[in-house]
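Chemist: Please put together the full structure from these sequences, using the hints given.
In order, the protein sequences belong to chains A and B.
So the first sequence is numbered by the working numbering: it starts at 46 and just counts up by one.
So the second sequence is numbered by the working numbering: it starts at 70 and just counts up by one.
Everything labelled a hint here was simulated from the structure, so no lab data went into it.
Among the hints, a few may not be true.
Stated by the list, open to error - One side only, chain B facing chain A, incomplete, derived with CB under 7 Å: (1) 111; (2) 123; (3) 126; (4) 128; (5) 137; (6) 163; (7) 214.
What the hints assert, rightly or not - Chain B stretches covered by chain A per the calculated footprint, using a threshold of three residues with CB under 8 Å from any CB of chain A: (8) 91-99; (9) 142-156; (10) 176-184; (11) 188-196.
Beta carbons: idealized from backbone N, C-alpha and C, even for Gly.
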Amino acid sequence: MKMKLPKISYNFKLSANLALITGLMMGILAAAAQGFFEVQPPVGQGVCAITHPSNLVNWLVNNIFGTEFTIHGIFVAVPVLTPVGWIIGSFIAALKNKEFQIRRGPVRENLLAFIFGFLIVNLALLWGSCPIRTAVLASYGWVFAIIILATIVIGVILACEYIKWKVRRM
Amino acid sequence: MIGVVTLIIGLILGYMGQRSRFCTISGIRDFYLLRDAYRFKGLIGIVIGGIIGFSIFKVAGGEFPGFPLLSEGINVEPPLLIPIMIFGAFGMAFFSTMAEGCPFRQHIMLGEGRLSGVLYIAGLVIGIIFFDIVIVPYLQLLTIVG
Chain A
46 MKMKLPKISY NFKLSANLAL ITGLMMGILA AAAQGFFEVQ PPVGQGVCAI
96 THPSNLVNWL VNNIFGTEFT IHGIFVAVPV LTPVGWIIGS FIAALKNKEF
146 QIRRGPVREN LLAFIFGFLI VNLALLWGSC PIRTAVLASY GWVFAIIILA
196 TIVIGVILAC EYIKWKVRRM
Chain B
70 MIGVVTLIIG LILGYMGQRS RFCTISGIRD FYLLRDAYRF KGLIGIVIGG
120 IIGFSIFKVA GGEFPGFPLL SEGINVEPPL LIPIMIFGAF GMAFFSTMAE
170 GCPFRQHIML GEGRLSGVLY IAGLVIGIIF FDIVIVPYLQ LLTIVG
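Modeler: Listed below in structure tokens is the structure:
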């Protein structure tokens, strides 16, 4: 008697999971940078879109104007170049796929985009990390980073509700 | 060495970030408003990738002091900074939703030629200098008091 086995199909589409793969790469590269290339202390410092630009800007300002702005010990001698890599990497990808185009948006008003950049970095530096590094620190097992990750989710949900409320009023 | 390593990591993630439209903040927003999990999976991916990376590389001989930190609890010194940090993270999330993307995504948008990405990063640079000059002395004072 033949038994019919249930068919198991793997429906994993690469294009539908590119963000997941990028996230996985971020976590793994952050760990590799810390463990094997001495991008520490502090821990989980492999990838961060707030402290890396901050260290780079402070390094440049210190070297040009002789100031003494705070830089993490590991980035004092050689500047951290991840932000430069992100911009060049994105530029190459956009150019290669014919998506590079100088255009407005997504924030409609130019001044508002500038203010957002100014405001967000000041708030983020109070915490000391971007959402990416927060997730990396959560994976490192730091309980406070897990709390902060939950805070970020709450912040986004409240912002969504505010936007919905604003749209309803219009 | 660190300069080269960080540049290579940046190039890889910059390329992948542009192709995948990766964004942590938009991931949460899309999942909450549209039940679209595409970008949200990216945030989950960081946590899973981190756990895999830290665990495997630790076995392979990498240097991960205290990993996993779970047993150490909140571990913030001085505790006076806890509400400030939570306020900062909340504000970052709230305004990043308004700015249509997390700080990483704004770097990617700059590379794509988006004007608001350019202006956002300009604001970020000025903001960093402002933080160093105005906010840091107050934080140092709080640290001493705490």
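Chemist: Next step is simple, just say for each hint if it's right about the structure.
Modeler: Now the hints, each set against the structure:
Against a cut-off of 7 Å between C-beta atoms, the interface hint on residue 111 of chain B holds, since the closest Cβ of chain A lies about 4 Å away. Given hint, residue 123 of chain B at the interface with chain A, holds; its Cβ is 5 Å from that chain's nearest Cβ, closer than 7 Å. Interface restraint check: residue 126 of chain B against chain A, minimum CB-CB distance 4 Å, threshold 7 Å, status holds. The beta carbon of residue 128 of chain B comes no nearer than 10 Å to any beta carbon in chain A, farther than 7 Å, and the hint placing it at the interface is violated.
Using the Cβ-Cβ criterion of 7 Å, the hint placing residue 137 of chain B at the interface with chain A is satisfied: the shortest such distance is roughly 3 Å. Taking 7 Å as the C-beta contact cut-off toward chain A, the hint placing residue 163 of chain B at the interface holds, the least distance being around 4 Å. Given hint, residue 214 of chain B at the interface with chain A, is violated; its Cβ is 16 Å from that chain's nearest Cβ, farther than 7 Å. With a cut-off of 8 Å between beta carbons, the segment 91-99 of chain B has 6 residues touching chain A; three or more are needed, and the interface restraint holds.
Chain A is given as covering the segment 142-156 of chain B, and this holds because 9 residues of the stretch bring a CB closer than 8 Å to a CB of that chain, at least three being needed. Check on the segment 176-184 of chain B: 9 of its residues sit with their Cβ under 8 Å from a Cβ of chain A, so the three-residue criterion for coverage holds. Judged by the Cβ-Cβ criterion of 8 Å, the segment 188-196 of chain B is covered by chain A as claimed, because 9 of its residues qualify and three suffice.
Checked against the numbered hints listed earlier, the structure breaks hints 4 and 7; every other hint is satisfied.
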